[in-house]
Structures are given as C-alpha cells and as structure tokens.
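*Asks:* Working from the sequences, and respecting the hints, build out all of it.
Number of protein chains: 2
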Amino acid sequence: MTDSYPVTARNRVRRAHERGSYDHASVHAVLDAGMLAHVAYVIDGQPFCTPTLHWREGDVLYWHGSSASRMLRSLKDGARACVTVSHLDGLVLARSGFNHSVNYRSAMCFGTARLVDDPDEKARALTGVIERFYKGRDEALRPITAKETKATAVIAMRIEEASAKVRAKGVADDEEDYGHPVWAGVIPVRTVLGTAEPCPRLADGVTTGALVDLYTEGKRLDSALTAAMSFYEGAE
Amino acid sequence: MTDSYPVTARNRVRRAHERGSYDHASVHAVLDAGMLAHVAYVIDGQPFCTPTLHWREGDVLYWHGSSASRMLRSLKDGARACVTVSHLDGLVLARSGFNHSVNYRSAMCFGTARLVDDPDEKARALTGVIERFYKGRDEALRPITAKETKATAVIAMRIEEASAKVRAKGVADDEEDYGHPVWAGVIPVRTVLGTAEPCPRLADGVTTGALVDLYTEGKRLDSALTAAMSFYEGAE
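As given, the protein sequences belong to chains A and B, one line each in that order.
Numbering follows the numbering used here, with no gaps: position 13 of the first sequence is 13.
Numbering follows the numbering used here, with no gaps: position 74 of the second sequence is 74.
Because the hints were derived from the structure by calculation, they are not lab data.
Quick caveat: nothing in here was measured; it's all calculated off a predicted structure.
Don't take every hint at face value.
[Unchecked claim] DSS-like mimics (lysine-lysine), calculated; alpha carbons at most 25 Å apart, straight line:
hint, chain 1, residue 1, chain 2, residue 2
1, A, K122, A, K150
2, A, K150, A, K135
3, B, K219, A, K169
4, A, K219, B, K122
5, A, K135, A, K169
6, B, K169, B, K147
7, A, K219, B, K219
8, A, K147, A, K219
9, A, K147, A, K122
[Said to hold, decoys possible] According to the in silico footprint, chain B covers these stretches of chain A (three or more CB under 8 Å from chain B):
hint, region
10, 19–31
11, 38–49
12, 95–102
13, 112–124
14, 127–140
15, 177–186
Each residue gets a CB set at the ideal place from its N, CA and C atoms; glycine is no exception.
*Replies:* As structure tokens, this is what we get:
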C-alpha cells in the first residue's frame with residue numbers, strides 16, 4: 001500500500017493525465033532531485049513566481065524568505081501557495097508540430113505557507129538546509145549568530161495536495177505520420193556538476209572531505225541531490 | 001542608450017538588489033537561454049505555479065495552454081500572470097551557513113495573460129514555437145491540421161515589467177571567517193545535451209540535418225537555445 005496525497009480539483013492532472021501520479025514516493029522523488037523550486041503566491045491579487053532553494057522534511061517544504069515574507073508577517077493564518085519543482089530531461093522532435101514535446105519530471109505542491117517564527121523550529125530548519133545538501137557540514141561551519149538567524153526568513157508549507165507529472169519516452173507520432181521524411185527523435189538533456197573551484201583563500205590544509213565528494217565532477221545534479229537526501233534521512 | 005522595463009513596486013529587486021537589472025537585453029538573455037518557464041496565475045484566490053515551454057517574440061511571451069486556458073476563456077480582459085525563467089549555475093559553499101548560496105540567472109516578467117484566439121496570430125505563434133527552437137523545421141513537418149490548431153491553446157503576455165537577477169561569483173564570506181578551517185568554494189552546474197536518439201521508425205535516408213546540429217552532444221543547452229534564438233531573429 002502506498003501513501004498518496006488526496007486528489008482534488010486543484011491538483012488533479014488534466015492534460016495528459018496518464019502522466020500524473022499522486023503517491024508520496026513519486027512526488028518526493030521529483031522534489032528531492034532538485035534544489036531550485038518556483039513558488040507562486042498572491043499579493044493584492046497579483047501572482048508572483050519566485051525561484052528559490054527548497055528543502056523537505058517529511059511532508060513539509062521549507063524555503064528561504066523573499067518578498068513573500070513581508071506578506072506572511074502580516075498574515076497570522078498564512079497564505080495559499082503552490083511550490084513547483086521541474087526537471088527538463090529531453091527535447092522530443094516529432095514529425096508534426098503538434099507532437100513535439102519534451103521529456104520532463106515535475107511536482108506541484110499546494111498548501112498554506114507560513115513564516116517560521118518558533119525559535120526551535122527555525123534553528124532546526126537552518127541546520128536542515130545545510131545538512132540536507134551537505135550532511136555533516138553544519139558542525140564544521142562557523143556557527144550561526146543571533147543576528148543572522150534574525151535576518152533569515154524561513155517559510156514552511158505542509159503539502160496538502162500534490163501531483164507528480166512525468167514524460168519519459170520517445171517520439172509519439174500519429175500512426176500515419178511515421179513515413180514522413182523528417183528527422184525525429186529525442187535529444188537528451190542532463191544537468192551535471194563541474195570541477196569544484198576552491199575559494200582562493202582556503203585555510204591551510206583544508207580539503208573538500210567526504211561532503212563534497214557527493215558532488216563530483218560529471219555527476220548528474222539530480223542523482224547527487226537524491227543521494228544527499230537519502231544520506232540525510234538515513235541518519236535520522 | 002539601453003531600453004529598459006519600468007521599475008515599480010512589483011518588479012523592483014529587493015533582496016540582494018545589486019544583482020538586479022531591468023534592461024531588455026539582460027532580461028531577454030535569461031529568457032532566451034531557457035526552454036522551461038514557470039507561470040504563476042490565480043484561480044479563485046488559489047495561486048498555481050505551472051511549468052511550461054515558453055518562447056518570445058519581441059516583448060511578448062507565449063506559452064502553451066494549461067489549466068489557465070480554462071480560466072482565460074472566461075476572462076475577456078485576461079488575467080494577471082508572472083512568468084519566471086531560472087538557471088542554476090553553481091553551488092556556493094561558504095564558511096558559515098548564512099553565506100551559503102547558489103550562482104543563478106533568473107528573470108521574472110509581469111503582465112496580463114490572454115488566450116490567443118485570433119486565427120492569424122495563433123497560426124504565427126504555432127509556427128514560431130517550432131522555428132524559434134528549430135529554424136527551418138516547420139516547413140519540413142507534416143502540416144498542422146485545423147483540428148490540431150483548435151486543440152492547442154496558446155497564451156500570450158506582453159511583458160509590462162520585468163527584472164533579471166544574476167549571481168555569478170565565488171564565495172563571499174565575512175572577512176573574519178576566511179581563516180575558518182572548512183572547505184569553501186563553488187561547484188559549477190551546467191545543463192548539457194546528450195547524444196541524439198533517433199526514432200526507431202525514421203523514414204529511409206533521413207538525417208538530422210543542420211537543424212539538430214545546433215543541439216550537438218555535450219553542448220550547453222543555454223548556449224544552444226541562445227544561438228537558436230539569434231538564428232531565428234536574424235532571419236526575420
């Protein structure tokens with residue numbers, strides 16, 4: 001039995017619905033493979049779409065404050081938000097314009113965003129954002145100051161409804177078009193890590209250590225982030 | 001003299017404002033380097049953040065319809081939207097949690113989204129989405145049918161306000177932290193193209209041709225998309 005998010009009018013996948021799923025594992029896999037999320041929220045009727053780093057603890061998403069934090073400060077009960085993480089995996093060139101597509105993975109999550117102002121929850125979150133990406137790193141850092149904690153807005157949203165949507169296949173042309181004489185196929189896209197560039201002012205004798213070794217050159221970012229999340233969750 | 005988008009309370013960059021710019025060239029460079037956009041819009045007070053392909057013609061952004069098209073059909077005057085394109089360029093590991101960051105490029109665009117229902121504009125847009133990415137390809141495809149045109153919702157938004165925001169540098173630690181004995185540096189991230197995978201049912205003698213050669217293995221996707229856009233615009 002798989003735990004799933006409820007399906008409502010809000011998160012039900014309408015277009016190409018066979019690509020959709022609602023179980024926790026599918027949604028979390030898309031979220032955990034990405035570092036960048038886009039958050040939609042509304043201020044005075046105007047929608048905003050803000051890119052931000054995100055991290056997950058169970059079914060709660062966290063991100064750093066942005067202009068939304070100004071809004072949230074004034075809203076004791078929080079504000080509706082939608083957090084989306086997407087990965088582009090390939091360009092799909094078909095024999096008709098209509099059947100052109102892309103391979104992708106995306107997750108849309110709905111809930112109520114709230115400013116994290118409880119000191120303990122905020123401290124845990126600020127440790128979590130380092131540890132989730134670079135496990136063991138937090139205790140090696142110069143400790144956070146009270147001033148820094150105050151200056152950092154953390155926003156949390158429990159995922160109430162969510163969907164994952166994935167296309168991962170070759171060209172799907174209309175049957176009568178396969179003979180049409182134009183090239184068709186998939187051009188894969190992948191996001192990879194480059195060679196680490198050490199800060200020129202590193203203290204003597206400091207090495208990258210095991211932490212950064214998760215993020216080795218040529219590795220896919222999605223694989224590295226997924227591995228870092230397993231490492232983080234496995235340790236709890 | 002550089003043309004710029006107006007700066008208002010909506011698009012003014014607040015956090016790390018030295019990273020912001022408003023000129024057309026900076027905003028369009030970020031947009032044109034990406035294929036995937038995230039669109040925020042509001043239905044009955046609920047924000048949605050939908051990932052979609054986007055393309056640009058001058059200062060008008062286009063994207064394919066999604067659930068927003070249902071909404072737009074009922075709104076003769078269109079609906080407010082925010083379209084954001086983001087690129088993750090590197091992980092920045094600092095000596096304090098507070099100074100951890102990422103290198104990135106993002107553009108946020110504000111305007112009023114409307115359903116494209118004029119037949120001529122819609123036909124031009126459906127040609128544009130192919131030609132902007134794969135110039136010369138449209139006339140090689142099996143022509144679009146009236147049924148397909150009808151089934152495709154195209155949404156347009158003139159960019160009224162926009163900002164670009166870029167971080168592209170090394171670690172920025174507090175001066176007193178540089179001696180702290182922990183590794184610090186940047187791990188670059190890049191999105192690249194893989195080996196083209198031809199459809200197994202290609203007609204005899206068909207090759208990729210010059211079109212797909214813009215998207216060669218190992219090339220960065222942002223460079224390929226920027227080159228494709230120059231090629232497309234240069235021909236007009």
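*Asks:* Are the hints correct? Go through all of them and say.
*Replies:* Hint check results:
For a cut-off of 25 Å, the pair hint linking K122/A to K150/A stands: about 10 Å separates their Cα positions. With a C-alpha separation of about 24 Å, the suggested pair K150/A and K135/A falls inside the 25 Å cut-off, and the hint holds. Restraint check for K219/B and K169/A: the C-alpha separation of about 22 Å stays at or below 25 Å, so the hint holds. Of the pairs offered as hints, the one joining K219/A and K122/B is violated, with about 41 Å between alpha carbons and a cut-off of 25 Å exceeded.
With a CA separation close to 34 Å, the supplied pair K135/A and K169/A exceeds the 25 Å bound. Taking the CA atoms of K169/B and K147/B, the gap is near 50 Å; set against the 25 Å cutoff, the hint is violated. With a C-alpha separation of about 16 Å, the suggested pairing of K219/A with K219/B holds against the 25 Å cut-off. Distance hint between K147/A and K219/A is unfulfilled; the C-alpha atoms sit about 36 Å from each other, more than 25 Å.
For the given pair, K147/A sits about 13 Å from K122/A by alpha-carbon distance, which is consistent with the 25 Å threshold. With a cut-off of 8 Å between beta carbons, the region 19–31 of chain A has 0 residues touching chain B; three or more are needed, and the interface restraint is violated. Residue count for the region 38–49 of chain A with a Cβ under 8 Å from a Cβ of chain B: 10. That meets the three needed, and the coverage hint holds. For the region 95–102 of chain A, the stated coverage by chain B holds: 6 residues have a C-beta nearer than 8 Å to a C-beta of that chain, and at least 3 were required.
Figure legend: the region 112–124 of chain A, annotated as covered by chain B; annotation inconsistent (0 residues with Cβ-Cβ distances under 8 Å, at least 3 required). Remark: the region 127–140 of chain A is confirmed as covered by chain B, as 8 of its residues place a Cβ nearer than 8 Å to a Cβ of that chain, reaching the required three. Here's how the region 177–186 of chain A fares: 10 of its residues keep a CB closer than 8 Å to some CB of chain B, so the rule of at least three is met and the hint holds.
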